[in-house]
Amino acid sequence: MAKPTRPVVFQHGQAFLAAISERWNYQILREVFFGVHRFGELKRGLGISATMLTARLNDLVELGLLEKHAYREDKPWYEYRLTDGARELVVPAIVAVTRWAEIHTDGETVAARSLLHASCGHETEPYLACSHCHQPIGAADLRPLWARAEKGAAEDHRQSEGK
1 MAKPTRPVVF QHGQAFLAAI SERWNYQILR EVFFGVHRFG ELKRGLGISA TMLTARLNDL
61 VELGLLEKHA YREDKPWYEY RLTDGARELV VPAIVAVTRW AEIHTDGETV AARSLLHASC
121 GHETEPYLAC SHCHQPIGAA DLRPLWARAE KGAAEDHRQS EGK
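Oh and the sequence shown: position 26 is 26 in this note's numbering, straight run, nothing missing.
Keep in mind the hints are simulated off the structure, nothing from the lab. Heads up, a few of these hints could be off.
Using C-beta positions, here's what the derived DEER-type ranges look like [to be verified]: (1) E41 to C120: 26 to 34 Å; (2) R143 to V91: 20 to 28 Å; (3) R72 to T51: 17 to 25 Å; (4) L17 to K43: 42 to 50 Å.
All C-beta atoms in this analysis are idealised placements derived from N, C-alpha and C, irrespective of residue type, glycine included.
Using the sequences and the accompanying hints, generate a full structural model.
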């Protein structure tokens, strides 16, 4: 029998996780990923108040998820870009949630947003794949592998699953 595990606790991550799961923050990060970078564009596209947007943008900059860049010298107007750290953490989640929402709509037609693989220059549809066999992985294909001290835990697990 598998030994029960303790829940993972992120000492410094609690505020971070709470911030990115906040409704407006997620939507702002999604829009910035899809190319909406300026305050006014974000405000109009999201239908958010200027006060709320300012607060959310400041939080995301403070968390290190967005970088703020002035794009006018004569006025304090800014563009916001994802940081490298945000790209690592947030982009896979944004792509997954966006794709899920595009597929699971209530009868309305939603246009899929195209994605470009910058390395090869081609349009792509990212997917999760097994690092061992390189086959695509669906949600039903993943199960936790409980850590065990004895050698061969993965093999034992495969045999118990009938594979």
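Here's how the hints hold up against the structure:
A C-beta distance of roughly 29 Å is found between E41 and C120, which places it inside the suggested range of 26 to 34 Å. Checked against the hint of 20 to 28 Å, the pair R143 and V91 passes, with Cβ atoms roughly 25 Å apart. The hint said 17 to 25 Å for the Cβ distance between R72 and T51, and at roughly 21 Å that hint holds. At about 26 Å, the beta-carbon gap between L17 and K43 misses the expected band of 42 to 50 Å.
In summary, the structure is inconsistent with hint 4 from the numbered list given earlier, while agreeing with all the others.
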